[in-house]
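Number of protein chains: 2
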Amino acid sequence: MIIGGGFGGLTAARRFKSAPVDVTLVDRTNHHLFQPLLYQVATATLSPTDIMVPIRWGLRRQRNAEVILGEATAVDVNRHVVVVDHGRTELPYDAVIIATGARHSYFGRPGWEVLAPGLKSIEDALDVRNRFLLAFEEAERTDDPAERRAYQTFIVIGGGPTGVELAGMLPEVAKPMRRDYRRIDTRDTRVVLLEGGPRILPSFPESLSAHAKRDLEKLGVEVRTNARVTDVEPDGVRVGGERIDARTVFWAAGNAASKLAKTLGVPLDEAGRVIVTPDLSIPGHPDVFVVGDLARVSRDNDTTVPWVAQGAIQEGRVAADNVLARLAGRPTRLFAYFNKGDLATIGRHRAIADFGFVQVTGFLAWTLWLFIHILYLVGFRNRISVLVQWAYAYFTYQRGMRLITNYARQWEGTVAVGGKYLSPDALEAMGKPALAKVAAGSG
Amino acid sequence: MIIGGGFGGLTAARRFKSAPVDVTLVDRTNHHLFQPLLYQVATATLSPTDIMVPIRWGLRRQRNAEVILGEATAVDVNRHVVVVDHGRTELPYDAVIIATGARHSYFGRPGWEVLAPGLKSIEDALDVRNRFLLAFEEAERTDDPAERRAYQTFIVIGGGPTGVELAGMLPEVAKPMRRDYRRIDTRDTRVVLLEGGPRILPSFPESLSAHAKRDLEKLGVEVRTNARVTDVEPDGVRVGGERIDARTVFWAAGNAASKLAKTLGVPLDEAGRVIVTPDLSIPGHPDVFVVGDLARVSRDNDTTVPWVAQGAIQEGRVAADNVLARLAGRPTRLFAYFNKGDLATIGRHRAIADFGFVQVTGFLAWTLWLFIHILYLVGFRNRISVLVQWAYAYFTYQRGMRLITNYARQWEGTVAVGGKYLSPDALEAMGKPALAKVAAGSG
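Chains as they are written, first to last, in my numbering: chain A, 1 to 443; chain L, 1001 to 1443.
Don't read these hints as lab results, they were simulated from the structure.
A few of these clues could be false.
[Claimed, not checked] Here are a few chain A residues that face chain L, going by a calculated C-beta distance under 10 Å:
(1) 48
(2) 56
(3) 57
(4) 59
(5) 68
(6) 69
(7) 80
(8) 84
(9) 89
(10) 133
(11) 137
(12) 138
(13) 179
(14) 181
(15) 182
[Claimed, not checked] Short derived list, chain A residues pointing at chain L, Cβ under 10 Å:
(16) 30
(17) 47
(18) 141
None of these values were measured; they are calculated from a predicted model.
Ideal Cβ positions, reconstructed from N, Cα and C, are used throughout, including at glycine.
This is chain A alone, in the form it adopts within the complex:
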């Protein structure tokens, strides 16, 4: 059993390719997502289909693997079953690899989630894209200069790689849209990046952080460090005593591990991650492995393996090997992380890269970034022709991507009934007055 079709889960599944085992992969979505490029979907640069493959398709040639669409809601380590969809199905296992990753964490302020969406899933990215594009529509429509200014202000909370990549893209995507509007100048777009700590990209060396900050500022992004957000409101963000007016806020500040971790009954770290043993299994249950963003894996001294794609991929591989070792009665392998280097892009043509022995910045680093992502994407979608499409989309600022879907989502209170989002009117017509009342905001 493998739970989760991200980098960790899918790598593990593929590792079993010629092994004499039956693999079942459970995921609550039907697609594997190339998460490092999610911010490009969010900024209307790539299309969702450019960065995903159906998990089934990824495993179509692997006859010993089957895929189940469903949400694993608990793992019963004593009965050796995975509970899917709150008990609708129970799947027994001989060994299980759990790779369900993390979601955002709003520091105990769940109300902020509605105001400041994060960036983990395709749906998140489309939500961010909608809000980004709608802000310009609203700015064009209003006659009030202060309101217009607030609509043209975007705040990104969190100065890690996701926050930096998102903030860097926003002004670059806004600029070429200027011909589309008549009343606003999209070059006036104000982007503010708020980081609570003393510097952005804290996982990188200090000199690279400083370089990234300068690059962002060249693009017109205001970078504020030591800026702890004290409140998020529908029309602004409070940082201590100060208030920044902005109608659009994005969240890239905190992660919390998937809730599935809690059902294992083992110690978790403060972000809810499972503290695994050196062979990636959990204490007391050598048949249960945890990998990827859900796992806290110790490295030398008191550092941990970072929660990035390459970590998940390496862990997935070792966990799969250890499952096979256990079945064969061989001793398991201890996990050792090999850091291939860290990269973060800034805007469309700059990046920073840290390979330990050498640090690269600017256009050269960006070229490296492109090269590495192209390598991965080709492996990922398996055809050179897709790469051509992608390059085309990337270099032409393809306007087709500027699609606002589910516009109705912007209105408070439409209610999902049988897979459709219905307005109060429609609910009333269907003879569901109670729901209609709620949808209309009076319930």
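Since the structure of chain A is provided, determine the placement of chain L on it from the hints.
Coordinates of chain L only, in the frame set by chain A:
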């Protein structure tokens, strides 16, 4: 003022290009949709971005045109204003062209809408795509043969062009997916096309209808004529005394004009369309024009202009000319429809075409269809390179399209709050217990 950015509205807006007028186009979406290919998005063959352009982008070079994102909720023909978003904005006009089209009509059974989505917008197409793909997931997951059969049965209600095109694509798209599944054979997919009248494609000559029926049957589609649907249920459809078990039902049976028509205070036909005068204005208000699916335009004798893209385009052009004629004090032109021919595809490699003087079927007609759509698409998205992408996607059955988004939509009762769909848990956490109760189904 132009209301609606479909074929009629956008054509009219462009017609004003070098005219000494200010054009404002209002649409509730930000995109113009190439509706004739919507069924290909619904069957996971094309991506939404392949068949749409942002309306702004389409008018970016036309300096006298501005675009407003908003829903026109009424036209006050006496005060000469368009009311947007229930009064949030009022836009005065000297002349207005209304082109807001039609939605589905469920013959006074609004409850059916939830069970059998139609195909008019991008959101509709994604809903159909989700249901289509999810049905296979559910079939793979169940162990009950009858349930599996019901999940592999798709019913299309309505034998017009949309119903025929959708029904013809389903088996063709299902077949190449067979390697993705382990327990089901996607070639066993059963598609039933139900038409209430005596033949499918009633707008075509009888011989072509018969040909289309044979072509559909060759693809494995069961075509039933004189089959009036008496009830749609979550797990089947009733046709008189008979019941067909099916978990997935699509609607292509009836249209009703946009509600905006009712606010004009002029006579409407039985589908709610505005009965326009020969110059496309409405009786008593020569400054109000109606075009496209919203207009009932008389042709010779007692036939009407059909509600297809070419009708809307021709009407949009004439309405724009008549606005200019009125402003210049010249007499208006009477509308005359020129039928360039009717086409409908059947599956991936067949079509029927009627050009009046000649009728074409099979692969030849399909080639014609392809040629004509390519011509339009190129004009529409303006780049040959897009055509290459499209052809690539079409001929390779691109699996990237098989994306199920908003999976949570499948669960009853998630509630939209501030643009996010939230589960009962999340609502409870946010201190909205009343909404949580509704979402959980007990409200």
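Results for each hint:
no., hint, in the structure
1, 48, "holds (6 Å)"
2, 56, "holds (4 Å)"
3, 57, "holds (4 Å)"
4, 59, "holds (8 Å)"
5, 68, "holds (6 Å)"
6, 69, "holds (4 Å)"
7, 80, "violated (20 Å)"
8, 84, "holds (9 Å)"
9, 89, "holds (7 Å)"
10, 133, "holds (7 Å)"
11, 137, "holds (4 Å)"
12, 138, "holds (8 Å)"
13, 179, "holds (4 Å)"
14, 181, "holds (7 Å)"
15, 182, "holds (4 Å)"
16, 30, "holds (5 Å)"
17, 47, "holds (5 Å)"
18, 141, "holds (6 Å)"
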